[in-house]
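Student: Sequence:
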Amino acid sequence: MVIQHTSQPITTGASIIGIKYKDGVLIAGDRMCAYGNSLKYPGVPRIHQAGDSTLVGCSGEYSDFQHLQHLLDDVDEEDWIEQDGSRRGPKELGSFLGRVYYNRRSKGDPLWNQLVIGGIKPNGEPHLGYVDLQGTCFEEDFLATGFGLHLAMPILRKHCDNGKWKTLTEEQARVVVQECLELLFYRDCKASCEVQMAFARQGKTGKEIVKIEDPYRMKTFWEHKTWMKPGSERGTGSW
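Per numbering that gives the first Met the number 0, residue 0 is the first one in the sequence shown, and the count goes up by one each step.
Derived from the structure by calculation, the hints contain no laboratory data. A quick note: this is a predicted structure, and the numbers were derived from the prediction, not measured. For every residue, glycine included, the Cβ atom is placed at its ideal position computed from N, Cα and C. Warning: the hint list may mix true and false statements.
[As the list claims (entries may be wrong)] With a cut-off of at most 25 Å between alpha-carbon atoms, the simulated DSS-like pairs for lysine-lysine come out as follows:
no., residue 1, residue 2
1, K165, K90
2, K90, K21
3, K39, K218
4, K163, K90
5, K203, K165
6, K163, K120
7, K39, K189
8, K21, K163
9, K120, K165
10, K120, K39
11, K90, K210
[As the list claims (entries may be wrong)] Derived CB-CB ranges, DEER-like:
no., residue 1, residue 2, range
12, R86, M152, 31 to 37 Å
13, E81, Y40, 44 to 50 Å
14, R86, R216, 31 to 37 Å
15, I208, C188, 33 to 39 Å
16, W221, E76, 42 to 48 Å
Using the sequences plus the hints, can you model the full thing?
Tutor: Quick look at the structure:
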């Protein structure tokens with residue numbers, strides 16, 4: 000039997016948004032998985048907590064993300080078994096995932112994902128990193144994957160570039176991310192209005208607070224006057 004590796008993703012998730020703010024990191028995305036261009040699987044979580052201080056958001060092939068979740072859980076279990084007082088944080092896990100993805104890419108059997116890795120480092124600083132199917136690995140103050148690379152980045156640059164993120168409160172960061180998610184819902188045919196946010200921040204006691212929040216549906220508006228006109232009243236033309 001001939002072994003066939005993944006040549007193209009089949010069941011995929013759309014964009015993930017990641018942003019630093021002055022107290023932590025916020026990661027968000029919708030909860031839809033598409034089968035090709037068909038929105039087939041609603042209510043699918045695409046953000047995973049790894050360890051005590053790390054969040055991983057995923058675009059791309061969902062089965063590869065499921066494999067990744069098991070891998071991260073195994074790594075965290077190994078950390079716990081050692082009982083040496085040392086646990087991998089977001090920076091270490093981001094570096095680890097970069098090596099995993101580069102290894103699979105080098106074998107010609109890539110894990111077909113774009114990852115946003117966020118969390119709180121031991122010194123209390125927020126961390127935000129990126130890993131893709133080629134094993135590309137870097138850190139940034141704001142990130143977007145998928146179609147968000149084209150549509151959400153201008154919004155993120157406006158509010159976060161040149162160190163502006165250091166003045167953002169969590170509430171302001173949520174407004175920025177919400178704006179990105181709304182734009183993607185209207186413009187990306189694979190996006191959904193059911194979204195989920197997760198945050199990691201330093202607590203008052205010095206311990207990291209990491210939480211994946213309950214999903215919610217964004218309010219949408221489809222009643223612009225032009226949209227409500229029948230085709231016969233819109234005139235001719237392709238647009």
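Student: Given the hint that K165 pairs with K90, test it: the Cα-Cα distance must not exceed 25 Å.
Tutor: holds (19 Å)
Student: Given the hint that K21 pairs with K163, does the C-alpha gap stay at or below 25 Å?
Tutor: Given that 25 Å is the threshold and the Cα spacing comes to 9 Å, the pair holds.
Student: Assuming the hint says 31 to 37 Å, is it satisfied by the Cβ distance from R86 to R216 or not?
Tutor: Roughly 35 Å apart at Cβ, these two residues keep to the hinted range, so it holds.
Student: Does K165 sit within 25 Å of K203, going by the straight-line distance between their CA atoms?
Tutor: holds (18 Å)
Student: Does the structure keep K120 and K165 at a Cα separation of 25 Å or less?
Tutor: holds (16 Å)
Student: Could you check the hint for me, namely that I208 and C188 are 33 to 39 Å apart, CB to CB?
Tutor: holds (36 Å)
Student: Decide if the proposed pair is consistent with the structure: K90 and K21, CA atoms, cutoff 25 Å inclusive.
Tutor: Given that 25 Å is the threshold and the Cα spacing comes to 18 Å, the pair holds.
Student: Do the beta carbons of W221 and E76 sit within 42 to 48 Å of each other?
Tutor: holds (47 Å)
Student: Is it true that E81 and Y40 lie within 44 to 50 Å of each other by Cβ?
Tutor: At roughly 37 Å between Cβ atoms, Y40 and E81 fall outside 44 to 50 Å, so the hint is violated.
Student: Verify the CB-CB distance for R86 and M152 against the hinted window 31 to 37 Å.
Tutor: holds (32 Å)
Student: Under the criterion that the straight-line Cα-Cα distance not exceed 25 Å, is the pair K39, K189 satisfied?
Tutor: holds (10 Å)
Student: Checking one constraint from the list: CA of K90 to CA of K210, max 25 Å. Satisfied?
Tutor: holds (18 Å)
When the structure is compared with the earlier hints, violations turn up for hints 10 and 13 and for no others.
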